[in-house]
Amino acid sequence: MKTDDLITMLATGAAPVPRRVPTRRLLLAVAFGLPLAIAIVGTQYGFRRDLIEAMFWPMLWLKFLFPLCMAWAGFVVVQRLARPGARVGPAWWALAAPVLVVWAMAAVALLRAPQDDWPQMLFGQTWRTCVFSIAFISLPTFIAALVALKGLAPTRPGVAGAAAGAMAAGVGAAIYALHCPELAAPFLAIWYVGGIALMAGAGALIGRALLRWYRAPAAARVSAGRPAWRAPPWHAAPVGARAPLRGARHRPPGRPP
Amino acid sequence: MPRTPLGNEAQSNDTEAVLRDLFLQGLAGDATAYRDFLQKLSRHLRAFLGKRLFGWPDDVEDLVQECLLAMHNQRHTYQSDQPLTAWAHAIARYKMIDLLRAKGSREALHDSIDDELELFVASAAEASDARRDIHTMLASLPERQRLPIQHVKIEGLSVAETAQITGMSESAVKVGVHRGLKALAARFKGAA
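Line order of the protein sequences matches chains A and B.
Be aware that the first sequence starts at 1, since it is given in my numbering, and climbs by one per residue.
Be aware that the second sequence starts at 1, since it is given in my numbering, and climbs by one per residue.
Same shape as in the complex, but just chain A:
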């Protein structure tokens, strides 16, 4: 085929493309996940009974705003990673800064408290469940963000998945904070950060597997005498390689059945 023919074909009837599609699709993912996160906490966990009173405590705000900052930074990073050639640059710092601040506050709080209080500050009463609750509550946002990313073009699928995980966990943790009874900075520094890290890790693995928008079908590309690049198991089978599974209907014409 001549390249000019392909170009003519692509240009013919090409519809206008809406602007800022990546930003809008990812915002849509958050808009889908956030109400579900609120619903999960509202029905499965229950909000703090003293929520009104607690609104005057700075610690509750820290617990709420820290994940929110993570969600925002994750959003900025992931929407850049979704576009080929866009640099993330200083936005990485926006993702790291809230964690560093919380860690610093935790260190100060620990140093100022007697050592006997440390276990209580580090583990509270809910350390066993905190990480998994955050992961569970962030799941709707996470899935929606992956679906959005699937329609975009992340050239670094693993990193983009991780950023999507951090964004989703930020949303989940912010809502979980309205249930969570803990009020110590060290608890936040370990278990909230842990929940976000867990989702980022899961996002990295899932992103690598699902977010590639190209395929390297080893079988179709082997040239004589060269070893084939072996596709990792998460690569979808190339279209050509799938044909035999579909039976005789797809057999090329002219070849005996």
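Be a bit skeptical, because a hint or two may be false.
Claimed, not checked - Covered stretches of chain A, going by a simulated chain B footprint (3 or more residues, C-beta under 8 Å):
1. 5 to 16
2. 20 to 29
3. 84 to 95
4. 147 to 159
Said to hold, decoys possible - With a straight-line Cα cutoff of 35 Å, these simulated DSBU-like cross-link-like pairs (lysine-lysine) come out:
5. B:K174 x B:K40
6. B:K182 x A:K2
7. A:K150 x B:K51
Worth flagging that the hints you see were computed from the coordinates, not collected in a lab.
Positions of the beta carbon are idealized from the N, C-alpha and C atoms, including for glycine.
Add chain B to chain A, keeping to what the hints say.
Using the frame of chain A, we list chain B on its own:
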């Protein structure tokens, strides 16, 4: 970052401005500008990929087409706040690495990150024919994708006319074109 010679940089900037203009008009729905854009872009891609795939001259034109199709399918991921060369280079590099991996060539993966600007420096108009035939590949698509592409993209009919001929709804025609191009992009691989 190594400095490119001044002449190259100026040429790259000019090309960036021209191509970006055409592309933005194309994104706004101007098919002529879009066609012009793809044509100019294909020349840069050909030179860029030709230089890097000198060991496999037969693959250059295939990869040019693959890149064009990928850029068309992903054109909604370009935002006007970023340089077009960065966007196009990222996709071309991604496709090239994909090909080189498939060829089992680890050596060729050591690609300088700084060669982004080079994409718009050179231009090659001589197109050899790719080894694939679009009509053969189209024939392998299911009818609900093949017919919309046939009518809208090759014969140049409007979506409404196509809907009338095929008896599909207009949105089904649009979806068919969209999914069909995606499927073609995937099939390009298998046919090479």
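Status of each hint after checking the structure:
no. : hint           : result
1   : 5 to 16        : holds (count 12)
2   : 20 to 29       : holds (count 4)
3   : 84 to 95       : holds (count 4)
4   : 147 to 159     : holds (count 3)
5   : B:K174 x B:K40 : holds, 27 Å
6   : B:K182 x A:K2  : holds, 19 Å
7   : A:K150 x B:K51 : holds, 31 Å
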